Amino acid sequence: MLTRRSFRSANLSAQGTVHEWLLLSSGFSCLLLAIRMLATQTIEYIFLPWNLFLAFVPYWISLWLAKNKSIIENRKKLLVTLIAWLLFIPNSFYIITDLFHFTRVRSAPKWFDLLLIFSFAWNGILCGIVSIRRIEIITGLSERRRFSFLLIFIVMWLNAFGIYIGRFLRFNSWDVIANPFSLGEEMIDMLIHPFHKSHAWGMTFCYAIFMTFLYFTVKKLSETFTDLK
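Just so it is clear: in the sequence shown, position 46 is 45 by numbering that gives the first Met the number 0, and no numbers are missing.
No lab work stands behind these hints, which were simulated from the structure alone. If you're wondering where the values come from, they're calculated on a predicted model, not measured in any experiment. It is possible that part of the hints are untrue.
[As the list claims (entries may be wrong)] Here are the computed distance ranges between Cβ atoms for each label pair:
#, residue 1, residue 2, range
1, P193, F215, 37 to 47 Å
2, T223, L21, 16 to 26 Å
3, T216, L114, 16 to 26 Å
4, I34, E185, 14 to 24 Å
5, I34, L168, 29 to 39 Å
Glycine included, each C-beta is placed from N, C-alpha and C at the ideal position.
Whole structure, please, built from the sequences with the hints as guidance.
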């Protein structure tokens, strides 16, 4: 079992491999978009690279944290970093909802657009999964199996809630600082009138459950292949 002290040395080569493949996969997605733009002479889906960049932000935060042992050992700095990470982690999964655009744009073959959007979404999801796994190890959560599932579900629930307020209420991570009152008003309204916001709560819980299953499935697959070695 890895601890916070052994995290950096034990995972350096693995992190490099994952990082390289993520960059290659993301580059392929951007290449697909460039081909589409040249072929159709349109800038549809131009928002995908930006959404993918936002998906990488929590990944980079967790990577930076893993390489800075002094931050990990300082509780206050670690807490601030984790709060920042928590504000941005929904961006990694938000990109799933870009599939909503699939039926609205018809200037290219459906098979191509499906691959294009899914590839961006897949890269974003991978960023989120790797980032959460890294934070789980850094904080020592992976050693507390009894609480791991519950706390990961809470993180996924916050992710799902972030996806909802981002997609339907059009807020983003920056609004926590830039527009806190409007964001707070919407959140309070959801809490006070849960039945009037049943679609919001339904989406939040469904996405939270799905992403929790997704995370633990990938995690168990990784552990299975490690055991085979």
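Output the numbers, in ascending order, of every earlier hint that fails for this structure. 1, 4
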